[in-house]
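Asks: Construct all of the structure, not just a fragment, from the sequences and the given hints.
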Amino acid sequence: MNQILRSIDLLVDEINGKDQKEEFPKLMSREEIINLQMILIKSMIILA
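Per our numbering, the very first residue in the sequence shown carries number 180; after that it's consecutive.
Keep in mind that the hints are not guaranteed to be accurate.
[As the list claims (entries may be wrong)] Computed list of lysine to any residue pairs in SDA-like fashion (alpha-carbon distance at most 20 Å, straight line): (1) K221 - E210; (2) K221 - D192; (3) K221 - D188; (4) K221 - V191; (5) K221 - L184; (6) K221 - Q182; (7) K221 - E193; (8) K221 - E211; (9) K221 - R185; (10) K221 - S186; (11) K221 - R209; (12) K221 - L190; (13) K221 - I194.
Just so you know, the hints here were simulated from the structure itself, not pulled from any lab data.
Replies: See the structure below:
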C-alpha cells in the first residue's frame, strides 16, 4: 500500500515537472505517465 502511494506521489511530481534532477531518462510520454497514474489510483481504491 505504501509503495502504491509513493508511486503515485512520484508520478504526480513527474507530471508537475517538480523533479528537475533528471536522474532517469524520460522513458514514458506524459500520456503514458497519466495512464499509469490512473491504474495506480484504481488499484489503490480496489485495495482500500
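Asks: Mind listing which of the numbered hints don't hold for this structure, in increasing order?
Replies: none
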